[in-house]
Structures are given as structure tokens and as C-alpha cells.
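Asks: For reference, the chains in residue letters:
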Amino acid sequence: MNTFLASVALVLLLGCGASSDGQDASALEAGPSPAKASLARQVMSSSMARSGKAAALALEPLPRSVEYYDGELRRTLWLSEDTVLEMGPVAADAAIVEEAPESAGTSNDLRGGRTWKVRRGRADAVAAEVARRGHQTSPALHIAGTAEAPFVGLPGGVIVTVPREWSRETVASWASGWGRSVEKVVHAQLGLYLIETGPGLESLELANRMHESGEILAATPNILHFASTR
Amino acid sequence: MRLAVSPLFLILFLSGACGGGGGGGGETPPPSPPANLVATVGATTVELAWDSAPGATSYSIYYSPISGVVRTPLARIAQNIATNSQQAQASDLASFDGFLAVTAVVNGVETGLSNEVPVSVPAFSTVDPLFSEQWHLNNVGQGGGLIGEDARLLTPYSLSRFGTGVRIAIIDDGLEVQHEDLIANTIPGLCHDYISGTPNINPGEHGSSCAGVAAAVGGNGLGVIGAAFEAHLVGYNLLETDTSANEVDAMTRGISQISISSNSWGPTDGTGIPAPATANWQAAIDLGTSTGRNGLGTVYTWAAGNGAADNGGVPTDNSNLDGYANYRGVIAVGAIGDDGRKANYSESGANVWISAHSMGNNDRGITTVDLQGASGSNTGASPSDYPDTNYTNTFSGTSSATPLVTGVVALILEERPQLTERDVRRVLALSARRNDPTDSDWSANGAGIFVNHKYGFGALNASGAFALLPGYTLLGPQLAPFVSVLRTPNLPIQDANPTYVSDTIAVSTPITKIEHVEVLFSAANHPFLGDLRVELISPQATVSVLSEPHEMPNGGASFSNWTFGVVRCLDENPNGTWLLRVRDEVSGDVGTFQSWRLTIRGRAQ
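Chains as they are written, first to last, in our numbering: chain A, 1 to 230; chain B, 1 to 605.
These are computed hints drawn from the structure, not numbers from a lab. Mixed in with the good hints there might be a few duds.
So the derived label-pair ranges between C-beta atoms look like this [said to hold, decoys possible]: (1) A/Glu205 with B/Gly197: 37 to 45 angstroms; (2) A/Glu205 with B/Ser508: 20 to 28 angstroms; (3) B/Pro481 with A/Gly134: 29 to 37 angstroms.
One-sided and incomplete, this derived list gives chain B residues near chain A with beta-carbon spacing under 10 angstroms [what the hints assert, rightly or not]: (4) Leu238; (5) Thr268; (6) Asp269; (7) Gly272; (8) Asn280; (9) Asn490; (10) Leu491; (11) Pro492; (12) Gln494; (13) Met552; (14) Ser560; (15) Thr563.
All values derive from a computational prediction rather than experimental measurement. Just so you know, even glycine gets a beta-carbon here, dropped at the ideal spot from N, CA and C.
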């Protein structure tokens, strides 16, 4: 071990000869004056942002939205008109999208599910068709009001926050009053439990009702995020 | 075709293989396991011996770098062994420091594990072959890079600090547990697969590369070294099914023993649309920073984001529009290249804490682990990548910068394990190096600490941190936060007008040293937030740009109860008048500066 470490340290030592650690006190002496640089940035940003904005404004707004509670805040999501999320095991029956063959496609965004891209305005109909064939769906819900904005899904479940002294049995008893059961303990120390629901707007609507009931500290729909690696 | 596991596996497999036995995952009640496992480490060999199990047709060997070997497929390093002893060359087990146990297969059923035995084999006496390519660890000008533009690891390595035993969680798309250059540092039984609910995590390409940057095994004569090459790794593949419930789990799983949670992921970059984290995720982070690591606080490193497309100076995304990277409990990490300058893609923000090296604007990437064989980034088809396809020289992004910080934090925690999470972030800030020193955004805040929207407090500097540690005094407790009333100025924002509209909040609090500031802001009736410049000015005159005019290629959006994070006022005294000012710099839309609220966290001394 020591020989290896000595080797690494030696290589580092040899490689670091031309540099110094610590902050350089003369750092701000060179370069354009901050005021001029700021002015230049401002002018440039204004003209460039205008051209980008024109393209952004050309995107048609989505007409339908829903709201839900997230802690103390109320958030809005916009319903997609051309994307449907199929949750759970992927159907082998790809003919579901035959209704819209010219625009239909799938992606692999989901493990254990998939995204259907359909003709604009057909999302509800395709979702109904997928559901009729026994598969679970969620609408795609955009975080801003255009079809190009990132979207999330509703895989099912309501995350409730209960007083930390509540036992699982207490939570189960409370949930049964809503005709529901506890799917799993999300985090007991945080008082977080997942209450079972099917996927889709059912979970959001139930979360809102539970939150507004005042019986518990908070309720929010379980959300499927489409995070990216960076 | 190569055998896709470690040299440990290779030796045991080649010398012990036989035809019998299936091994792995028997579900019926097993017969008695082998007993009296003994390991003997000699000068050149490691010998394992155990009592034969009656009726056994073959044996398997399992490992873990910590006590508590688990019989899970990813922990199995050899199987189909015919006899009750094995011998391997010690040099082929270089850097292995952990525990082994064996099982037997009897009537086609695998037994439980034998007693486990500790095995410790020193490292090779040669530097791993691709170390010389890892300019982010030791920049000697490889390919034209600026000498010394690296993580400055000389001091910790010369003090024999390698992150030994410090546990890192890689939250990502998976982890190749049996990668030859990760296996000796990875705890397979503590990994988690969110699809199956078991430790059998998939070999994620991105997560494996991140793990390699943080803690690839050093001294095994293979591939690369991680910044903390003796740290322990666990992997949680949250990104395979990233639900709100799973996010809470991933941030808190095993948290009492997780020193650093390394997160090279986040909402979609490049949209310029605010993307919130959930309140439950925030609660999980709060729990981790307050109770993780046995009460000292888990350190969450977070990629600042790659969405700052360089459109002639107009940014697209700002890290402060990411509700994960701008949260108070995480260390947001930006990316700089081998010239010390911001990578074009790396997002600026008043929330960015530190910067670390990654692929910059000359496209020289980071050398790290890649999926074994032809999978992953290096498929063998690119002549500019390595012939050994278990590694790649193309890793990039704030994704790569983040585990570099993670690795250095592991070194720091090995040296001073009693540091709290707050201490760690402070040490990183105070030791950071002022890279790209002529950049015009550098300025000293009211406490005299230099800070930059592009770089945070500067470039990661491990040697600088170690220089600080001997005299470093632990922080006193954080006081109750100052939370202002919700101010509702409702001031009209004129379209494309250089005049700011502003509002003030007078702060009076026992806090005298700021650690973090939050601004809850609404201009919900302005439909295109990409027009707006929003700036916070502290009583010490530190200006923090919270949002600036930017492209929104995916369409407009509004600020509706958006929380900005501000780290730039570190150590300032918050008492006095704070000002928030807003203006619209692009024609076409108007709105109202509706409301804001200020929250300040810090301590008395």
C-alpha cells in the first residue's frame, strides 16, 4: 500500500510544481471594467432573448390544468393533449396506437412502462383505449403551460404526512375511513405513508380531498418525475 | 472476450472452476452452510479453506468490504468451485480489504453463508495504468491543459488520506457492482434496486462513471483511481423509477451510515422553466443533514445543471431555477474545464457553492470507469477512446464534477470525521481556489469571502481544505431561522424598462453569521419570466442575481411562489435592510412584483 501511495504522491508532487494553492489577490485587476462588461451583457442579452422569445411564444398554450398541494404550497400542472403514460408492465399489444398511426410512437423513458405520443387532442381517447385493454395509464402533466415543457406522471398513490406519533395501525385505520389502505411506509420518522390508489388523476384528486379534510398534516400525489442525468 | 469481473474473481474462477452445481438464489430451506472458513494471507498468496459440507457439489465465495457479507448475486465473486479450498496470488487481490464467506450447493440448493473472515491485501506497488490520464486529479498539462488545474490532491494523499471506509451513496441510474475497478470498494448488500426492491441493482452506465470519479479502487493495477480510492460505495438506482416516494427513500436510505450522498441528476436542463422539488424531498434532505452520519449530517452533493447553453452570452438555464440544486441542504457543484474556466453548459446561480473539473470547452473529458466490455460509452468503436473498453475518457458534465467533490469530501471526513455537514460545506468554501481569476463576476462579499455566480466560492481545492483543517474550529449551533413576513408590494413591472421596482425588508435577528438565505418570490401574472432580472441586495451590499433574462425554448412560465437559494452572503451579518429589485429587460410582457419573503439561516458566532 505504502509504495503505491508514495508513487501517487510523487506523481502529484511533480505535477504541481508550477501552480500555487490559495486565492489570488490580484484576481480582479485584469479584464474589462465591470460596468462596461455589464452593459455589454445587458444589450446582448436583450436582443438575443427577444429572438428566442418569439419562438417560445409561437408555442400554443395548453388549455387544461389541475392543482395539487405540495406542503404549504399549491402547484399547477397542465394536461398534455398528445402524450399518454402507460404505467406498469409494458403491453405487448402495440396495436393500441393504430388509431393514430401517423403520429404514434413510443419511447423508453420509463422502466416498467412507456410513453405514447399521439395525435394532438387524442390523448384522452388513447388513454381510455389503453385502459380498456387492461393497462394502467396516467396523463402526462406539464410543469408549465406548453406542450414542450417537461412533464411528470401520476403512477398511483397519495403520500400523506401524519403526526409522527401515529403508528402504522393508526394510519391504516384512518385510511380505511377513506376506503383505502396503506401501500407502504415511505418514512416513519417523517410521518410519511403511501396510500394506495390507481394511477392517473384519481391520486391527485384524492390527495386534494385528503389535504383539505384537515384530518392529517398534508397530502400530495405520488409523482413520477423524469429526472435527467447531468 | 474478457471475463467481466475483478482479478479476485478471475483467479478464483480459473483455478477452481468445475462443472457441477448451480448456486445462487435457492428458495427452499437450505442445508447447513460450510463451517470454519479460514483465510491465510501470505507474502504472495491468499488461501481460503473451509470444512466440507456434506453432499456439497460445489461452493461459491461472496464478499463485502464491510462486515456482514450478504448472499446476493452481486456479492458473489466465484462459484462452481469443486473443492473446499482456494488459493489466489495476493497480487491479484491488490487493494482488497474486506470480508469473505462461502456457501455450498447441496442437492441443487445453495446453503446459507459460512462464517465470514476478514482479508486484507495491500495495494500494488505501481500506479494504476490510466492514472496519468486523469488530469482532473493531477493536471500536468495532458493534451494542453493548464498545469495545476485539478482537484489539488497532493496534501491528502501525502498524509495517506484516501477516504478509507467513508461511505458514499451514488444516487443514479444504477451501478456496476462487479466492475473490476469498483468491486473492492462496493458494498453489494447495501445497494438498492427500486424496481425489484432488492440489492440487485442494475449496472447503470452513468452511475458507474460517477462512482469511478468518486471512489474507483486505487492500487489494484487496473484502470483508474477515484479521488477517494478507498472509500466505500453503495448505489441506489432512483432514476430507474423516480417517484416522489422513492426520492424520499433514496435521500434517507441507510442514512445513519451514509457520509455523502452524491447526486448527478435533476430536472430536465435547458428549459429555463423553474422545476420544483417536492416538500417531501426537502423534508428528507432536512432529515439527512440533521440526523444522518450518526447525527453529524449527511453531505449531499448535487450537480448544478448542464443547461446553460452559450447562445452568444444569453443563458438558457440558471441553477437557481432547479428546486433540487438550489435547496439549502445540498452543495451545488458547477463544472470547469482543464483551463479552469466555466464549461459552457455549466449553469450559474446564486446557489452554486463550488466548482470542480470536468469536460470543458476544449472537449477534453474525464477518464473514469465505463461499463465493462462493449457496453457503455466506450464500445471500442471510437479510436479516440481507450482500447480497454472498461474505461472511457469522455465523461463530462456537472455530473462528473459532482462526484469529484464527493471524493474530496470523503478525504476531508477521513481526516476530521467529527465535522458536521455545515462544517464540511464551510471548509469547501473557505478553501476554494479563485479559478479564472480575471472573470469579472468575482467579488468579495460583506465578510470578505470571494464569490462568483459562475463558480460559487471557487474551484475545489483538497490541499487547501487540508491546510485549513488543523486549525479549524467546529461551528456552533445554528439558531432558529429568521423568517420575515410575506411582503406584498404588488408593484407593476414595466415592460422592457431599465428602472427597477423594489421592496425592502428590515431584518433584526440574533444571527450574526449567515449560512444560507432563501427568497420566496411571486410575479405570477408575468407570463414570461425569461424577461425578468431579479436581484437581492444584502445589508452588506452583496448583489445576488436570482434570475436574469434567458431563453425559454420550451415556452414561457411564471414565478409563482418560487424559492430561490442564495449562498453568496456566507458569514455576513444579516441585520439591516435587504432589498429585492425586479425589472423587465425584454419587450412584450408585463406583470407585477407581487410578493416576497426572506428566510435567513445562520449562527451567532
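Asks: The structure should be examined with respect to each hint, and the outcome stated for every one.
Replies: Hint check results:
1. A C-beta distance of roughly 28 angstroms is found between A/Glu205 and B/Gly197, which places it outside the suggested range of 37 to 45 angstroms.
2. Checked against the hint of 20 to 28 angstroms, the C-beta distance between A/Glu205 and B/Ser508 comes to roughly 44 angstroms, which is inconsistent with it.
3. Remark: the range hint 29 to 37 angstroms for B/Pro481 to A/Gly134 is contradicted by a beta-carbon distance near 51 angstroms.
4. Evaluation of the B/Leu238 hint against chain A yields a held restraint, the C-beta minimum of about 8 angstroms falling below 10 angstroms.
5. The restraint placing B/Thr268 at the interface with chain A holds, with a minimum CB-CB distance near 4 angstroms, inside the 10 angstroms limit.
6. Satisfaction of the interface hint for B/Asp269 is found here, the shortest Cβ-Cβ separation to chain A being roughly 6 angstroms, below the 10 angstroms cut-off.
7. The criterion of a C-beta within 10 angstroms of any C-beta in chain A is met by B/Gly272, whose closest approach is roughly 9 angstroms, and the hint holds.
8. Below 10 angstroms, beta-carbon pairs count as interface contacts, and B/Asn280 has one with chain A at about 6 angstroms; its hint therefore holds.
9. The beta carbon of B/Asn490 comes no nearer than 19 angstroms to any beta carbon in chain A, farther than 10 angstroms, and the hint placing it at the interface is violated.
10. Given hint, B/Leu491 at the interface with chain A, is violated; its Cβ is 21 angstroms from that chain's nearest Cβ, farther than 10 angstroms.
11. Look at B/Pro492: its Cβ only gets to about 20 angstroms from chain A, farther than 10 angstroms, so that hint breaks.
12. Hint status for B/Gln494: violated, given a least beta-carbon distance of 14 angstroms to chain A, over 10 angstroms.
13. Below 10 angstroms, beta-carbon pairs count as interface contacts, and B/Met552 has one with chain A at about 5 angstroms; its hint therefore holds.
14. Hint status for B/Ser560: holds, given a least beta-carbon distance of 7 angstroms to chain A, under 10 angstroms.
15. The beta carbon of B/Thr563 comes within 9 angstroms of a beta carbon in chain A, closer than 10 angstroms, and the hint placing it at the interface holds.
In this structure, the earlier hints numbered 1, 2, 3, 9, 10, 11, 12 are contradicted, and the remaining ones agree with it.
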